[in-house]
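Novice: Start from chain A and add chain B according to the hints.
Listed here are the chains, written in short residue letters.
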Amino acid sequence: MSAITITPISTFRTDDPYPFCPGCGHGPILDRLNEAMIKLDLDPAKVVIVSDIGCSGLSDQYFITSAFHGLHGRSTTYATGIKLANPDLEVVVIMGDGGTGIGGTHLISAARRNIGITVIVMNNLNFGMTGGQHSTTTPEGGITPTTPFGNLEHPLDICATVGVNGAAYAYRGSSFDSDLADRFAAAMEKPGFALLDVWDLCTAYYVRSNKFTRAGMEESMRSWGFEPGLLYDRDAVEYSVGYRAAHAAIIGTPVADALPVPVDYPNNLDRPMSLVVAGSAGGKVRSASRLVALGGMRSGLWAAQRDDYPVTVKSGHSVSELWIAPQEMPLMAVTSPDVLAIISSDGYGKAGPYLGAMTPDDLVLTIPEHSDLETQARVVVIDPTSAENRIPKTSMGLVYLSAALAITDPYPLDALREAAGAGSFAEVNLEAVETGIALVG
Amino acid sequence: MGMTTNTEAPRREYVDGTSAIVRGAIDAGCTFFAGYPITPASGILMSMMREIPKVGGVAIQGEDEIASMGMCLGAAMTGAKAMTATSGPGISLYSESIGLAIMGEVPLVIVDVQRLGPATGGATTAAQGDVQFVRWGTGGGYPVIVLAPSNVPESYSLTVKAFELAERFRCPVFLLTDKELAMTLSAVDVDGPTVAQGTERTEKHEGLPYSWEPADAVEPMRRYGEGDAFRFTGSTHDEGAYITKNAAKVGALNEHLIAKIEHHRDEIEMVDADLIPGADTIVISYGVTAGAARAAITRLRSEGATVSSLVVHSLWPIPEAALNDAFEGIDRIVVPELNMGLYSREIERIAGSREVIGVNRIDGGLITVDEIMEAVR
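Those protein sequence lines, which keep their order, are chains A and B.
Sequential numbering from 1 applies to the first sequence in the working numbering.
Sequential numbering from 1 applies to the second sequence in the working numbering.
Isolated chain A, as found in the complex (with noise of 0.2 Å):
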């Protein structure tokens, strides 16, 4: 019987040769990660390497990890969907300054939910790629083509951008680093956002045009304040673990399903009947009118409702079209209603149309700020402080749209009192009902 040896993985590269300059820095970076992997002795199948665009994005093609090349910036996104759904996988995302900065709101963000993600940047100062542009890390004073007589621009932080905003890891070194390896390692082992901002350089540009070595890039690094180094190491819940502990309570519960409508009523309509009423936001006008639709469906009537609304979200108007039917009837609008409810002066500023268009069998109920408009329709109006209680603004709707039901009759009281009194607000609804009736009995 001879014993069962496993061999780890020899090599997570493919056979061919890197397509990098001669001395750039990305090639050995990428050994350095091939050695992390290595060392972790990781699944290639259970990786993926998430590239975007440049020169780094050419990187996940001499890998024989899974791997997914998207768009400039955005491969921390990708990475993010790729660990959300499934958490057993190692996703490693190789990115350039470039997408560093197009792509920075997603880097903070993916730092602030702490997705177990890890981001190697290759850092080389300019866009390498397309013709050695200055960048979001290009220092200040360094000459590009985009930048003839000096950067004006402060370079970007990275590791303070994400250390401060909530990730777990976050390492500054170069491509010439002994120990790059092991912080690769160090980085894919943490459970929560790792991000390594790896300098190197480009031999093609920043290099040529900066007199840029080797020797002095530690030393430039510190002065311009970048200190390399471990510089946040942090354990706090990684996101997708986080995700599914919030949520455990209520896998398998029942998805929101439907909420069927008792008939116990009958109805008196024998066409479609529409009803609009003009308030003002936050004035609960769109649940009146909801709860006059749910008395008729009580009725064994179909209903429709329309609201009209601005953007803001308790101010200006709020109209509400509804339509009550003995047939299923299709979306459309209420040109010319058989009832309207002026309710505020935000609603009466809508009205216009609608009252133009009304005939003598119809019906206006308004408050007594607008008794003097204009329509061929039936004015009513309605003096709020007349009633027993006061009614407060957010009942007005309710108010006035039981007052035209007990005019109009479309279906029984009774049916709307049953609505009112089934869902919120029971209490309050069901005594404006009670007041609308009364105001017109």
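These aren't lab readings, by the way, just hints derived from the structure by calculation.
Be a bit skeptical, because a hint or two may be false.
[As the list claims (entries may be wrong)] Cβ-to-Cβ under 10 Å is the rule here; a few derived chain A residues that face chain B:
no., residue
1, SER220
2, ASP257
3, THR335
Ideal Cβ placement from N, Cα and C applies to all residues, glycine included.
Specialist: Then chain B, alone, in the frame of chain A:
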């Protein structure tokens, strides 16, 4: 809406298109949602945040629309059925990722709850101004599929269909709706169509992720973490997703992206044709405008008019076969839409010498029944 099965008397509920879309997505097997708040699509995001965890899925609010799309693409490549929802300004930011989904052949459902544009336009105002935008909203001009519900029950059924087509053709499928359809509450039958059964993704767990032989064939999908490693790229690529500029490979890939949809129009084409023999006029409508169109047709017929109606459910690819059938014997085509004729130009292309009459509105109001009746007369 197919939510439950019940043999008792007809039961109705009062719901909006947003709820219908969410239920449709979950019934179709959606397990990943990412989106960014935007009126009038926020309801879908908020509902998904509550509902998706119940089926073991993940919903997340992205830092922006671009991130939301990126997360959906990443999740879809792990095997999840993914959906996102936004409005016109968000589709603008989705643009690059729509192209990535096309190129990488990622099934994805994108809900566009249209609002009045351009720019921020009218956030709480209905419009149908994105009907060309969703079709051509990314570089390259490659096809996508666009479905348009016209009421709450269709918001459910076409969401389910969108997932089915996304899987079938491995491409982004848009559900083009609007503020009114998403937010209008309607009474609907609870026990209508049966509960949708989501279609399973056709997968394989080893081998190359792509194939385009024959050109219209759709290769089963790989997913990260299952079987051997595989690649994905947004660049022109070979069957292994290795970047290439080889003209033969690039040509075959790009022809495949077109052929897989164009050669299968019959599987996608969906209309609600209500044709009357002897009619010389037809109303072609879609989305929210179909409501007034249907009502106008009913009233015109009650007045003795012989007029046909066709509501387009699959806006892209254009349902040419159904339209050509419907145009037989027709002299006049009325196309109401909440834009200045963005879809009627497609109708004109198919209509030949027939007269095409637009009924158009871009002030935020809905086209009325009377306006359509006027145009038909």
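Novice: Hint by hint, say whether it matches the structure.
Specialist: Evaluated hints:
1. Hint status for SER220 (chain A): violated, given a least beta-carbon distance of 32 Å to chain B, over 10 Å.
2. Of the supplied interface hints, the one on ASP257 (chain A) holds, with its beta-carbon coming within about 5 Å of a beta-carbon of chain B, less than 10 Å.
3. Hint on THR335 (chain A) holds. Least Cβ distance to chain B is approximately 5 Å, under the 10 Å limit.
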